[in-house]
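Undergrad: Here is what each chain is made of, one letter per residue.
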Amino acid sequence: MSPRFLLKPKLSYSFLGVVLCFFIVYPLVVDAELSYLVYFLYSTFIYVTLAQGWNLAAGYTGQVSLGQHAFIGIGAYMTAITWRTGWTGYLDPLAMIMSGLGAALVAIAIGVPLLAKLRGDYFALGTLGLGEILRVIAINGGSLTEGTAGISLPSSSYVSMHYYYYIALLIVVIAQGALLWITHSRIGLALVAIREDETAAAANGIAILRYKILAFAVGAFFTGLCGSLNAYYVFHINTTGAFSLNWVIVPILMASLGGAGTIWGPAFGAFILAGVYELANIWMPELHPIFSGSFIVLVALFLPDGLMSYLTGRKDRILQKLPVFHWMFQKA
Amino acid sequence: MAGHLLEVNNIDIFHGEAQAVWGVSFHVDRENIIALVGANGAGKSTILNTISSVIHPSGGEILFSGKPIVRRKPEEVVAMGISHVPEGRRLFSRLTVLENLELGAYPSNTRPYIKESLERAFNLFPALKERVSQRAGTLSGGEQQMLAIARALMARPYLLMLDEPSLGLAPILVRLLFEIIEALKKEGVTILLVEQNVHQTLEIADYAYVLQTGHMKMEGRAEELLNNSEFQQAFLGMIG
Amino acid sequence: MFGFPSFSIFLQMFLNGILLGCMYGVAAIGLSLIFGCMEIVFIAQGAVMILAAYCVYWIVVLSSIDPLFGFLLILPIFIAFGWAMYMGLFRWVAKAGKNPSLLLAFGLMVLFENLMSVVWSPDVRTVKTWYSTATLSFAEINLSVTRLIVAAVALIATSLVFLFLKKTMMGKAVRAASEDMHAASILGISPVGVSAVTFAVGIALAGVAGTAVCITYPFDPFFGLTFSLKALVAVAFGGLGSVAGALLGGVILGVLESLSSYMIGAGWADAVSYAAFLIVLIFRPEGILGTVSTEKV
Numbered sequence: 001m002s003p004r005f006l007l008k009p010k011l012s013y014s015f016l017g018v019v020l021c022f023f024i025v026y027p028l029v030v031d032a033e034l035s036y037l038v039y040f041l042y043s044t045f046i047y048v049t050l051a052q053g054w055n056l057a058a059g060y061t062g063q064v065s066l067g068q069h070a071f072i073g074i075g076a077y078m079t080a081i082t083w084r085t086g087w088t089g090y091l092d093p094l095a096m097i098m099s100g101l102g103a104a105l106v107a108i109a110i111g112v113p114l115l116a117k118l119r120g121d122y123f124a125l126g127t128l129g130l131g132e133i134l135r136v137i138a139i140n141g142g143s144l145t146e147g148t149a150g151i152s153l154p155s156s157s158y159v160s161m162h163y164y165y166y167i168a169l170l171i172v173v174i175a176q177g178a179l180l181w182i183t184h185s186r187i188g189l190a191l192v193a194i195r196e197d198e199t200a201a202a203a204n205g206i207a208i209l210r211y212k213i214l215a216f217a218v219g220a221f222f223t224g225l226c227g228s229l230n231a232y233y234v235f236h237i238n239t240t241g242a243f244s245l246n247w248v249i250v251p252i253l254m255a256s257l258g259g260a261g262t263i264w265g266p267a268f269g270a271f272i273l274a275g276v277y278e279l280a281n282i283w284m285p286e287l288h289p290i291f292s293g294s295f296i297v298l299v300a301l302f303l304p305d306g307l308m309s310y311l312t313g314r315k316d317r318i319l320q321k322l323p324v325f326h327w328m329f330q331k332a
Numbered sequence: 333m334a335g336h337l338l339e340v341n342n343i344d345i346f347h348g349e350a351q352a353v354w355g356v357s358f359h360v361d362r363e364n365i366i367a368l369v370g371a372n373g374a375g376k377s378t379i380l381n382t383i384s385s386v387i388h389p390s391g392g393e394i395l396f397s398g399k400p401i402v403r404r405k406p407e408e409v410v411a412m413g414i415s416h417v418p419e420g421r422r423l424f425s426r427l428t429v430l431e432n433l434e435l436g437a438y439p440s441n442t443r444p445y446i447k448e449s450l451e452r453a454f455n456l457f458p459a460l461k462e463r464v465s466q467r468a469g470t471l472s473g474g475e476q477q478m479l480a481i482a483r484a485l486m487a488r489p490y491l492l493m494l495d496e497p498s499l500g501l502a503p504i505l506v507r508l509l510f511e512i513i514e515a516l517k518k519e520g521v522t523i524l525l526v527e528q529n530v531h532q533t534l535e536i537a538d539y540a541y542v543l544q545t546g547h548m549k550m551e552g553r554a555e556e557l558l559n560n561s562e563f564q565q566a567f568l569g570m571i572g
Numbered sequence: 573m574f575g576f577p578s579f580s581i582f583l584q585m586f587l588n589g590i591l592l593g594c595m596y597g598v599a600a601i602g603l604s605l606i607f608g609c610m611e612i613v614f615i616a617q618g619a620v621m622i623l624a625a626y627c628v629y630w631i632v633v634l635s636s637i638d639p640l641f642g643f644l645l646i647l648p649i650f651i652a653f654g655w656a657m658y659m660g661l662f663r664w665v666a667k668a669g670k671n672p673s674l675l676l677a678f679g680l681m682v683l684f685e686n687l688m689s690v691v692w693s694p695d696v697r698t699v700k701t702w703y704s705t706a707t708l709s710f711a712e713i714n715l716s717v718t719r720l721i722v723a724a725v726a727l728i729a730t731s732l733v734f735l736f737l738k739k740t741m742m743g744k745a746v747r748a749a750s751e752d753m754h755a756a757s758i759l760g761i762s763p764v765g766v767s768a769v770t771f772a773v774g775i776a777l778a779g780v781a782g783t784a785v786c787i788t789y790p791f792d793p794f795f796g797l798t799f800s801l802k803a804l805v806a807v808a809f810g811g812l813g814s815v816a817g818a819l820l821g822g823v824i825l826g827v828l829e830s831l832s833s834y835m836i837g838a839g840w841a842d843a844v845s846y847a848a849f850l851i852v853l854i855f856r857p858e859g860i861l862g863t864v865s866t867e868k869v
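Line order of the protein sequences matches chains A, B and C. Everything in the first sequence is counted per the working numbering, starting at 1 for the first residue and increasing by one. Everything in the second sequence is counted per the working numbering, starting at 333 for the first residue and increasing by one. Everything in the third sequence is counted per the working numbering, starting at 573 for the first residue and increasing by one.
The set of hints was computed from the structure by calculation and includes no laboratory data. Please note that a few of the clues may not be correct.
[Stated by the list, open to error] Below 25 angstroms or equal to it, Euclidean Cα-Cα: the simulated DSS-like pairs (lysine-lysine) are:
(1) B/K447 x C/K738
(2) B/K447 x C/K739
(3) B/K399 x B/K517
(4) B/K405 x C/K667
Same shape as in the complex, but just chain A (with noise of 0.2 angstroms):
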């Protein structure tokens, strides 16, 4: 049975929904803190998280963001710095969303002189600079982030394994729900108008940088929310650890293998690397980074435009209205 009945909407909607029924129900029927499936899942979804932050200013705007690390970073250090001045507490979410907002912020300001710029490459370059500034901010950021040593939390704090879990289910809920919204509505078309043609997007009178701003910033409040969980969740965070390019690497190549500018693809992508990623180090631990790799390297040969153009079979990004039966896999 091709995967192509997933493209019927009640299907796909009844299938959605008994996956979020499972990923609900799971933890509490098995032992959360000894369970590998527990811990994947809250790891896939910080990844879907960052996919698909990733997703909306460079799958549906069109600006390649390489920056990634930068607001994980942000979000990790305010996390852990105003935990340790006792001015918030464990999984505290205003400590989460103060540090998605400073992150954003931190989008907002870098992006009004780089995304000013029509040239796309100069924002890549200019993002990846800035998450380099910033570990270097940190190594040198003396008492206040201990340098390289970095930042160690209370690990007395951890109750269990469900609360990591649930939190980040709900974040992950939020952020696809964020951007199936934004997706649908006039926003959504004036992203992929401003990736289509900016010129004539421009002449049509949609204010450009705006809205460019709009989709980073977005993407990097989910990333710094998602910097800021995983402080919680390994009480220790370093510059090695916080602005590690992973964190940049991993989320493009998921979102790229399942369609960037797509509304599921990236976290198609998501678990499907995640997956491919563990079976590999289960089964060839030395070997498996050289298979990440090669996975890499034959995605980008075989399938350039990510899973799901080659699922619905659709190859082009052309600004339509979709026919309904659509929708679920609709690029814009």
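Following the hints, put chains B and C in place on chain A, whose structure we already have.
TA: Positioned in the frame of chain A, the structure of chains B and C alone reads:
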């Protein structure tokens, strides 16, 4: 009608999913100036690009000296003897006049003659000789057009295709341009001229084809078309 | 923290910076060429550099040939390698837009780094030569001989590439294609052929830079990414589309690093470089000698 130099038979060309040209046929005979006229968007440049093999038609065939050229690579088409001066000239503005000319003789079968070709170019366009080491981007509009034609001639083509060479040129230069085109015909170069400037084009052309939104509308000997009232009425706006 | 140095020390740092910058410049030229023809940032440039570093390392260890001569031995292999990489991989994604090419470059980087890590272990390696610790001293200034040799090699390589681009037909075709690929193909210049040649030159330059790296620094399989980033910054400074610009950008970066490392502190040198990078991107994206337009109309 044996051996047309170029035969275009019933080609359909698409831009992505949109059809641009429908079943167009025409031919070009040796040592003639053939004009392809029509308004903007008629498909003229598309056809030239298809002959150059930069884009491929989805139907029909194109024969050059009897040989099919449709699925070939652009470099093969140039080597066979078709040179194309694209719309807007598209010179390499960062390279010098000399370098642009040299690159015109890139195909390996033309390289041995590069010195002769350069001499011929400078004879036809003396202004270029003075500006040999200048960057192409610094030349005036008229000089750039001359360089573009000279560059195309470096490949020693049998067929020279010109896409709107008069675009952006002052009237004096346009006249000079058309004189050069006639001079080239005398040297034995066959010319396929695409233009919006209908009147002057028909004055030097032997035969003309009229294209309208991707369809072949009319054809005929140039003098006859000029005097044809239906033609005048239909294309009054284009006479320039 | 901010110490203002004496003149001779300043001069020494400055000169050191220039020498260091030549090495960045060579990697940057390769990156700039590849960008010109494929319009992507070849993020695997650093990984290729380290690959070259390992090859030279093994040649030195197994046969005691001087690393520079060792590289000359493998130079043809690297040229062929670059050519093959384009023909076998990048050529197929060229039409699919920039993201697949970026992805491919990234995948190759991960692949190379991890292959090297598995095959040659992640241990740090160093290459010692008879001149590793030698210095040239004059007028209170001490310059490392290694750095001088690296700079000399960089200048030779740059000159060769420059001559190639300026004097040979293929070189002119490369420059023409990087400006207007469509017009070049109408003239009979094969886009695939010209891109493969450009790529080959870019990879060969990465090889030269990698040799420089291995005699200058201790290295491990993952050392390359830093250099990819530095080459990137150098290209941003000097401007896309210009060979001289890439070298100049590298020198500027080297001087900036060297001076800020001494005057502000080694930890901040990188921050200064990246801050300068951001400033250049925002205010003068075409770089100092850049000829590529910033308008994408």
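Undergrad: Is the straight-line distance between the alpha-carbon of B/K447 and that of C/K738 25 angstroms or less?
TA: It holds: about 18 angstroms lies between the C-alpha atoms, which stays within 25 angstroms.
Undergrad: Compare the distance between the alpha carbons of B/K447 and C/K739 with 25 angstroms, and conclude whether the hinted pair is satisfied.
TA: holds, 16 angstroms
Undergrad: Assess, step by step, whether the Cα of B/K399 is no farther than 25 angstroms from the Cα of B/K517, and give holds or violated.
TA: Distance of about 23 angstroms is within 25 angstroms: holds.
Undergrad: Taking 25 angstroms as the top limit, are the C-alpha atoms of B/K405 and C/K667 close enough?
TA: Holds - the C-alpha atoms of C/K667 and B/K405 are around 16 angstroms apart, at most 25 angstroms.
Hint compliance for this structure: no hint is broken.
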